[in-house]
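**Q** Letter by letter, the chains look like this.
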Amino acid sequence: MWSLILDATIETVYMVGVALVLSALFGIPLGILLVITGPRHIKPMPFLHRVLSVVINVGRSLPFIILLVAIIPFTRWLVGTSIGTTGAIVPLTVSAIPFMARVVESALLEVDWGVIEAAQAMGATTGQIIAKVLIPEAVPGLVLGLTMVAVSLISYSAMAGAVGGGGLGDLAIRYGYQRFRGDIMFITVLILVVMVQSLQSLGGWLAARLNHR
Amino acid sequence: MSSTMIELEKVTKIYGQGEKRVVALADVSLKIQKGEIFGIIGLSGAGKSTLIRCINKLEEPQSGIIRLAGQEITTLKGKELRAARRKIGMIFQHFNLLSSRTVYRNIAFPLEIARVKPKEREERVNALMELVGLTEKRNAYPSELSGGQKQRVGIARALANNPEVLLCDEATSALDPETTKSILRLLQDVNRRFGLTIVLITHQMEVIKEICDTVAVIDEGRIVEQGPVVDLFARPRSVAARRFMQGVLHTEIPPEIQERVFADPSPDRRGKTVRISFIGEVAGRPIISSMIRQYHVDVNILYANLDFIKNNPFGSIIVEVTGGDANVEAALDFLKTQGLKLEVLAECGA
Numbered sequence: 029m030w031s032l033i034l035d036a037t038i039e040t041v042y043m044v045g046v047a048l049v050l051s052a053l054f055g056i057p058l059g060i061l062l063v064i065t066g067p068r069h070i071k072p073m074p075f076l077h078r079v080l081s082v083v084i085n086v087g088r089s090l091p092f093i094i095l096l097v098a099i100i101p102f103t104r105w106l107v108g109t110s111i112g113t114t115g116a117i118v119p120l121t122v123s124a125i126p127f128m129a130r131v132v133e134s135a136l137l138e139v140d141w142g143v144i145e146a147a148q149a150m151g152a153t154t155g156q157i158i159a160k161v162l163i164p165e166a167v168p169g170l171v172l173g174l175t176m177v178a179v180s181l182i183s184y185s186a187m188a189g190a191v192g193g194g195g196l197g198d199l200a201i202r203y204g205y206q207r208f209r210g211d212i213m214f215i216t217v218l219i220l221v222v223m224v225q226s227l228q229s230l231g232g233w234l235a236a237r238l239n240h241r
Numbered sequence: 627m628s629s630t631m632i633e634l635e636k637v638t639k640i641y642g643q644g645e646k647r648v649v650a651l652a653d654v655s656l657k658i659q660k661g662e663i664f665g666i667i668g669l670s671g672a673g674k675s676t677l678i679r680c681i682n683k684l685e686e687p688q689s690g691i692i693r694l695a696g697q698e699i700t701t702l703k704g705k706e707l708r709a710a711r712r713k714i715g716m717i718f719q720h721f722n723l724l725s726s727r728t729v730y731r732n733i734a735f736p737l738e739i740a741r742v743k744p745k746e747r748e749e750r751v752n753a754l755m756e757l758v759g760l761t762e763k764r765n766a767y768p769s770e771l772s773g774g775q776k777q778r779v780g781i782a783r784a785l786a787n788n789p790e791v792l793l794c795d796e797a798t799s800a801l802d803p804e805t806t807k808s809i810l811r812l813l814q815d816v817n818r819r820f821g822l823t824i825v826l827i828t829h830q831m832e833v834i835k836e837i838c839d840t841v842a843v844i845d846e847g848r849i850v851e852q853g854p855v856v857d858l859f860a861r862p863r864s865v866a867a868r869r870f871m872q873g874v875l876h877t878e879i880p881p882e883i884q885e886r887v888f889a890d891p892s893p894d895r896r897g898k899t900v901r902i903s904f905i906g907e908v909a910g911r912p913i914i915s916s917m918i919r920q921y922h923v924d925v926n927i928l929y930a931n932l933d934f935i936k937n938n939p940f941g942s943i944i945v946e947v948t949g950g951d952a953n954v955e956a957a958l959d960f961l962k963t964q965g966l967k968l969e970v971l972a973e974c975g976a
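Protein chains in written order, with our numbering: chain F, 29 to 241; chain R, 627 to 976.
In isolation and in its complexed conformation, chain F is listed as follows (with noise of 0.2 Å):
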């Protein structure tokens, strides 16, 4: 029992962690590009901003277990395989980055227009404010609202279980569910709970470190 409850976590661990660097490679520059082509923003172009905020929305408003589905020959054509923990890490990638983007665009729109105004007028050009004075001043931001996509990851990595995509959920509903193995049931609810409290601690006080406003 012990072996299995180990692999299924290792298994979450990995499909959250791959998730979570995929989506955060792809959302971050996602959620930079929001906001900066925003109105009255650093590189305002409303259509490509107009364009990112619906293609985002989109893919916020699919319920994860339809996404995790609906997208299976997206994720075979990918990876190979629909199932199994890299069948799984695909859809929740898919999923994690529009919330990602999202998570940016909030942290950088914190960010107090008059720093970025000062950078403006020392002549600074968009990458230098993006590099040093964007990311820089929404760290905190950023580091909170990693740590929420995490947490959400291994609810939906929970979820992929559905579609045989191992690890802590899929044990809980085959084994704790299925064979009636309430033991089992209690020590993967015990180990989820304490991954997201820890998570969240990590990240509440990492973001208060680097916090220096």
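Calculated directly from the structure, the hints in this document are not laboratory data.
Just so it is clear, CB atoms sit at the ideal spot from N, CA and C, and this is done for glycine as well.
Among the hints, erroneous ones may be present.
Claimed, not checked - Straight-line distance between alpha carbons at most 25 Å, and here's what the computed DSS-like set of lysine-lysine pairs gives:
#, chain 1, residue 1, chain 2, residue 2
1, R, K636, R, K713
2, R, K713, R, K660
3, R, K660, R, K936
4, R, K703, F, K71
5, F, K160, R, K705
6, R, K713, F, K160
7, R, K703, R, K713
8, F, K160, R, K743
9, R, K763, F, K160
10, R, K745, F, K160
11, R, K703, F, K160
12, F, K71, R, K705
13, R, K636, R, K703
14, R, K660, R, K636
15, F, K71, R, K713
To be verified - A few chain R residues that face chain F, going by a derived Cβ cut-off under 7 Å, partial list only:
#, residue
16, N682
17, R711
18, R712
19, L724
20, S725
21, P736
22, S769
Knowing the structure of chain F, use the given hints to seat chain R on it.
**A** Below, chain R alone, put in the same frame as chain F:
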């Protein structure tokens, strides 16, 4: 000292459209000389903030031309605009420092932007911290500094790329009077030391009085008056200017004095209540006492006020001059010949 640094020609800026249309600047023309401290005073909403922000193109006017050191700013774009902006330092009311950077790194910021080499950057930042007196706060974050210290960082940062012009957007409005004075002294110091042209906008006449050479009064998007600060204080022509002046100079007549009426004075004790305004070196001469001796009048000082505008004494006194109509007339004529400005406020007698 006499070459033009900044020139605005018929600059107009309008916000919004239709019913919400607001004319922030209407046909504003200004000339700012190299090396001077030029103050623009106006109430909030008068357009002064828009005006100063047009100079580095943070705001783009709809029409008009702005030239800086002969270069037209209004048509600059992209790379050229960024290069021009590096030669214009700016400080702000709310300082706008990067909260994620220490004092040292905040001052280094514009040098990074300008891609100055690390070694040179370090020397420059150290010199600037020394200049503004913040060497000990090198590793402090802005949140650990007082308002005055933050503005000092702002000034050091603005000076980092050796600008020709420093724009001050309400730079002292968030500071207490004592700190304001020390920041103004620092600005005056850098103006003298580096021959830096300073443009500042404010709603505080104190700021104009303390350090400006030339002043423009802006009201509802128009420049209603401009000229040397001393002239403005001596002869404010516009309503807006007079309004600002009252706050600092108490040029209005105190009600107690207006109500000072005497019942039936004897003819040889009759006289007048007069306000005498003076500026510059007249303040140093004993004119009143000569008047008393030569014209046999009595003088009762009701109110007096002396101030300095950039080291020029300036002030006004309100006196009752009594001793009979003829003597009083002669005495007042004498004062006029001495270059004083007189204003008869009331008849009186003792």
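**Q** Would the hint on R/S725 be counted as holding, given a Cβ-Cβ threshold of 7 Å to chain F?
**A** holds, 5 Å
**Q** Given the hinted pair F/K71 and R/K713, is their Cα-Cα distance within 25 Å?
**A** holds, 23 Å
**Q** Going straight from one Cα to the other, do R/K745 and F/K160 come out at no more than 25 Å?
**A** holds, 19 Å
**Q** Return the status of the interface hint for R/S769: holds when the least beta-carbon distance to chain F is below 7 Å, violated otherwise.
**A** Holds, because the Cβ-Cβ distance from R/S769 to chain F comes to roughly 6 Å (cut-off 7 Å).
**Q** Hinted pair, alpha-carbon criterion (25 Å max): R/K703, R/K713. Please report holds or violated.
**A** holds, 15 Å
**Q** Does R/K936 sit within 25 Å of R/K660, going by the straight-line distance between their CA atoms?
**A** holds, 18 Å
**Q** Check the hint pairing R/K660 with R/K636 against an upper bound of 25 Å on the C-alpha distance.
**A** holds, 20 Å
**Q** For the restraint on R/N682, tell me whether the closest CB of chain F is nearer than 7 Å.
**A** holds, 5 Å
**Q** Check the hint pairing F/K160 with R/K705 against an upper bound of 25 Å on the C-alpha distance.
**A** Given that 25 Å is the threshold and the Cα spacing comes to 18 Å, the pair holds.
**Q** Tell me if the straight-line CA distance from R/K703 to F/K160 falls inside 25 Å.
**A** holds, 22 Å
**Q** For a C-alpha distance cap of 25 Å, please report whether F/K160 and R/K743 respect it.
**A** holds, 17 Å
**Q** Between R/K713 and R/K660, does the CA-CA distance stay at or below 25 Å?
**A** Cα-Cα ~14 Å, so holds.
Against the hints set out earlier in the document, no violation occurs for any number.
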